[in-house]
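Position chain L relative to chain H; hints supplied.
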Amino acid sequence: MQPSRIVITGVGLTAPNGNSLAEFRRHLLTGVAGIKRIDVRYMGSQLAGVCHYDALRYQTRKELRVGTRAGSISIYCAREALADTGVSLETLPKDRVGIYIGCTEHGNVETENEVYNISKFNYDTKFWSHYHNPRTVANNAAGETSLNLGTTGPAYTIGAACAAGNMGLIHASQMLRLGEVDFALCGGVSESIHTFGIFAGFKSQNALAMHAEPARASRPFDRARNGIVISEGGCLYTLERLEDARARGARIYAEIAGYHVNSDASDYVLPNPQRQAECVRAALARAGLAPAGIHIVNTHATATPLGDIQECEAIRAVFGEGCPDTHINNTKSFIGHTMGAAGALELAGNLPSFDDLTVHPTINVDDLDPQCALPGLVLNQPRPVARVDTILNNSFGMLGINSTLIVRRFVP
Amino acid sequence: MTKDDCKKLVLDIIADIAPDEDLTNVRPDVRLRDQLQLDSMDFLDIVMELRKRHGIEVPEADYLQLASLDSCAEYLTPKFNALPARG
Numbered sequence: 001m002q003p004s005r006i007v008i009t010g011v012g013l014t015a016p017n018g019n020s021l022a023e024f025r026r027h028l029l030t031g032v033a034g035i036k037r038i039d040v041r042y043m044g045s046q047l048a049g050v051c052h053y054d055a056l057r058y059q060t061r062k063e064l065r066v067g068t069r070a071g072s073i074s075i076y077c078a079r080e081a082l083a084d085t086g087v088s089l090e091t092l093p094k095d096r097v098g099i100y101i102g103c104t105e106h107g108n109v110e111t112e113n114e115v116y117n118i119s120k121f122n123y124d125t126k127f128w129s130h131y132h133n134p135r136t137v138a139n140n141a142a143g144e145t146s147l148n149l150g151t152t153g154p155a156y157t158i159g160a161a162c163a164a165g166n167m168g169l170i171h172a173s174q175m176l177r178l179g180e181v182d183f184a185l186c187g188g189v190s191e192s193i194h195t196f197g198i199f200a201g202f203k204s205q206n207a208l209a210m211h212a213e214p215a216r217a218s219r220p221f222d223r224a225r226n227g228i229v230i231s232e233g234g235c236l237y238t239l240e241r242l243e244d245a246r247a248r249g250a251r252i253y254a255e256i257a258g259y260h261v262n263s264d265a266s267d268y269v270l271p272n273p274q275r276q277a278e279c280v281r282a283a284l285a286r287a288g289l290a291p292a293g294i295h296i297v298n299t300h301a302t303a304t305p306l307g308d309i310q311e312c313e314a315i316r317a318v319f320g321e322g323c324p325d326t327h328i329n330n331t332k333s334f335i336g337h338t339m340g341a342a343g344a345l346e347l348a349g350n351l352p353s354f355d356d357l358t359v360h361p362t363i364n365v366d367d368l369d370p371q372c373a374l375p376g377l378v379l380n381q382p383r384p385v386a387r388v389d390t391i392l393n394n395s396f397g398m399l400g401i402n403s404t405l406i407v408r409r410f411v412p
Numbered sequence: 001m002t003k004d005d006c007k008k009l010v011l012d013i014i015a016d017i018a019p020d021e022d023l024t025n026v027r028p029d030v031r032l033r034d035q036l037q038l039d040s041m042d043f044l045d046i047v048m049e050l051r052k053r054h055g056i057e058v059p060e061a062d063y064l065q066l067a068s069l070d071s072c073a074e075y076l077t078p079k080f081n082a083l084p085a086r087g
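Chains as they are written, first to last, in my numbering: chain H, 1 to 412; chain L, 1 to 87.
One should not assume that every hint holds.
[Said to hold, decoys possible] Calculated cross-link-like contacts (lysine-lysine; reagent style DSSO-like; alpha-carbon spacing at most 30 angstroms):
#1 LYS36(H) x LYS3(L)
#2 LYS36(H) x LYS94(H)
#3 LYS203(H) x LYS8(L)
#4 LYS94(H) x LYS7(L)
#5 LYS120(H) x LYS79(L)
#6 LYS79(L) x LYS126(H)
#7 LYS36(H) x LYS79(L)
#8 LYS7(L) x LYS36(H)
#9 LYS203(H) x LYS52(L)
#10 LYS7(L) x LYS126(H)
#11 LYS203(H) x LYS79(L)
#12 LYS62(H) x LYS7(L)
[To be verified] Using C-beta positions, here's what the derived DEER-type ranges look like:
#13 ASP39(H) x MET41(L): 27 to 33 angstroms
#14 HIS52(H) x ALA15(L): 52 to 58 angstroms
#15 ARG53(L) x ARG177(H): 50 to 56 angstroms
#16 LEU368(H) x LYS52(L): 33 to 39 angstroms
#17 GLN2(H) x GLU60(L): 56 to 62 angstroms
#18 VAL30(L) x ARG37(H): 18 to 24 angstroms
#19 GLY150(H) x HIS54(L): 36 to 42 angstroms
#20 ASP62(L) x ASP267(H): 53 to 59 angstroms
#21 PRO93(H) x ARG33(L): 29 to 35 angstroms
#22 ASP39(L) x THR125(H): 22 to 28 angstroms
#23 THR24(L) x GLU23(H): 37 to 43 angstroms
#24 VAL30(L) x PRO93(H): 37 to 43 angstroms
#25 THR24(L) x PRO93(H): 37 to 43 angstroms
[As the list claims (entries may be wrong)] Some chain L residues flagged as far from chain H (calculated, every beta-carbon gap over 12 angstroms):
#26 GLU21
#27 ARG31
#28 ALA85
What the hints contain is simulated information worked out from the structure, not anything from laboratory work.
Cβ atoms here follow ideal geometry from the backbone N, Cα and C, with glycine treated the same way.
Next up, chain L with everything else stripped away, as it sits in the complex:
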């Protein structure tokens, strides 16, 4: 998985948890909270959906890594690539 693939998966999750938001021009280097109506419960949704959809665990100490799309990609791409192949 590339970092761009990872960003797309995160955006897919955000599209579901913030269905009123226009995600066409999300800037990857800007904090998600600064450009979208997302609160702390929404970030817990992102954590939950990563767990449900992809089997990725994000411990509370690492929540700050989900601040922007770029930081998500930095943090999550290795986790995705470390997942066992689905059979």
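Chain H with its partners taken away, still in its complex shape:
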């Protein structure tokens, strides 16, 4: 039996440079980055991507006080995705809605806040918040979303380091195909800019970006790249089986064409180009596509000196020179690394290419690193193209988790 076709019918997002798909896309085509300086506890001024969505649009002030930033971002994205696809919560069977949210990590922010809080009371733990556990459980973002929406189906997070955004979509596709749910909200979120530990960890790893001009700090593939810009953000999609989406006359953004997830099994932090290439090839095989059939490759590259080269090695191994219609870009150059949201947000930034036939560029490449000089790289200016029918989105994470997701233009 043929598995059900799964389609994307709605998008809700917040990125450092946009709080809707239209705004995000406009800024990706006009070179507007979203990086600024923020004050990080114990570390002072640091570069970060900060979101400016209206949190009170869908939450009360009390919900914001009790909940987490990851929960708030998830609620905003979920509500925006539902509004985008025109589905009313009143008409959905609430127990048939699944919420699957990718997270790089969760609980660092809330734990650091509590440790800081009790430091003001001589570390007396009787001042430790009774909200600590509900704030730090790994399913927090999905659980807060189900509370806000009143949906009673499965709602949980998927921990997959920085591959997690793709994993949200992949897992939702699987659950829809298994018939576990009839409607899915899925993608990824990150609140990582609110934990000093992530900044300090990357700094100790010599992997934290530095630049005098914030908007130019995230520079994958540039010879002067010097690390990651940490960002917050979120992107959730509504996913449905094609027959359900058509029955209600939903607008269809794209169809899930293929995906794959694998593991390096080689290092805690260093990527493995061979496994990355295997992941991309397996996703292509599932989609029934040859490399030349991919029109946009959205790279994971985070602007670390070695990581970019290794991903380029993987892409070169798969796509080589014989793919004249394959264009390669990077969204982190605008928004930094939104961690658990990265895969989902970066796919969203490229979805409008099906309609506007334009590939958004990788910005901040003043001096292309020869080791990153892939054919098809779209540098600094958007590129009008004749055809966009397929998008391949890479997201890789620590401990060697790789995810590749391919979507195709919907053709009935």
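Relative to chain H, chain L alone:
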């Protein structure tokens, strides 16, 4: 400290933990839960804020004393007045 002062301090705490609530017409003789959206975690917040802001401890056995503004004032005012003067 008078009982009215005490009620004001409790209302200040409630204003922070229930920021969506209109506190202008809270009736002191009616249970707080019957007129405001407050759950058990919010009452733990009141206990925590009394501890943090004022050094007042409310043991679990006495939580019922925080049911209304009047009962708060009855229970807490002597505790406030027993605090050592802050220097």
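Status of the hints after comparison with the structure:
Between LYS36(H) and LYS3(L) the alpha-carbon distance is near 49 angstroms, which puts this suggested pair outside the 30 angstroms criterion. Annotation: proposed proximity of LYS36(H) to LYS94(H) is violated, straight-line Cα distance about 40 angstroms (limit 30 angstroms). A C-alpha spacing of about 47 angstroms is found between LYS203(H) and LYS8(L), which places the hinted pair above 30 angstroms, so the restraint is violated. The straight-line distance between the Cα atoms of LYS94(H) and LYS7(L) is roughly 43 angstroms, outside the 30 angstroms bound, and the hint therefore fails.
As the CA atoms of LYS120(H) and LYS79(L) are separated by approximately 23 angstroms, the hinted pair is consistent with the 30 angstroms bound. Restraint check for LYS79(L) and LYS126(H): the C-alpha separation of about 19 angstroms stays at or below 30 angstroms, so the hint holds. At roughly 48 angstroms between alpha-carbon atoms, LYS36(H) and LYS79(L) are farther apart than 30 angstroms, so this suggested pair is violated. Taking the CA atoms of LYS7(L) and LYS36(H), the gap is near 44 angstroms; set against the 30 angstroms cutoff, the hint is violated.
Of the supplied pair hints, the one linking LYS203(H) and LYS52(L) is violated, its CA atoms being roughly 34 angstroms apart against a limit of 30 angstroms. Between LYS7(L) and LYS126(H) the CA atoms are separated by roughly 24 angstroms; this keeps the pair inside 30 angstroms, and the hint holds. The hinted pair formed by LYS203(H) and LYS79(L) fails the criterion: a straight-line CA distance of about 49 angstroms is larger than 30 angstroms. Restraint check for LYS62(H) and LYS7(L): satisfied, since their Cα atoms lie roughly 21 angstroms apart, inside the 30 angstroms limit.
Distance hint check: the CB atoms of ASP39(H) and MET41(L) are about 30 angstroms apart, consistent with the given range 27 to 33 angstroms. Remark: the range hint 52 to 58 angstroms for HIS52(H) to ALA15(L) is contradicted by a beta-carbon distance near 26 angstroms. Hint check: ARG53(L) to ARG177(H), Cβ distance near 54 angstroms, so the stated range 50 to 56 angstroms holds. A beta carbon spacing of about 55 angstroms between LEU368(H) and LYS52(L) contradicts the range 33 to 39 angstroms that was offered as a hint.
Distance hint for GLN2(H) and GLU60(L): a CB-CB separation of about 60 angstroms, consistent with the stated range 56 to 62 angstroms. The supplied range of 18 to 24 angstroms is broken by VAL30(L) and ARG37(H), whose beta-carbon atoms lie about 49 angstroms from each other. The beta-carbon spacing between GLY150(H) and HIS54(L), approximately 38 angstroms, falls within the hinted interval of 36 to 42 angstroms. For ASP62(L) and ASP267(H), the hinted distance range of 53 to 59 angstroms is satisfied, since their beta carbons lie about 56 angstroms from each other.
The given range of 29 to 35 angstroms is respected by PRO93(H) and ARG33(L), whose C-beta atoms sit roughly 33 angstroms from each other. For the hinted restraint 22 to 28 angstroms between ASP39(L) and THR125(H), the CB-CB distance of approximately 23 angstroms keeps it satisfied. Checked against the given bound of 37 to 43 angstroms, the beta carbons of THR24(L) and GLU23(H), roughly 39 angstroms apart, stay inside it. Judged by the Cβ atoms, the range 37 to 43 angstroms given for VAL30(L) and PRO93(H) holds: they are separated by roughly 40 angstroms.
Hint check: THR24(L) to PRO93(H), Cβ distance near 42 angstroms, so the stated range 37 to 43 angstroms holds. Against the 12 angstroms criterion, GLU21(L) falls within the reach of chain H, whose nearest CB is about 8 angstroms from its own CB. With a least beta-carbon separation of about 19 angstroms from chain H, ARG31(L) lies farther than 12 angstroms from that chain, consistent with its non-interface assignment. The non-interface label for ALA85(L) is consistent with chain H: the shortest C-beta to C-beta separation is roughly 20 angstroms, beyond 12 angstroms.
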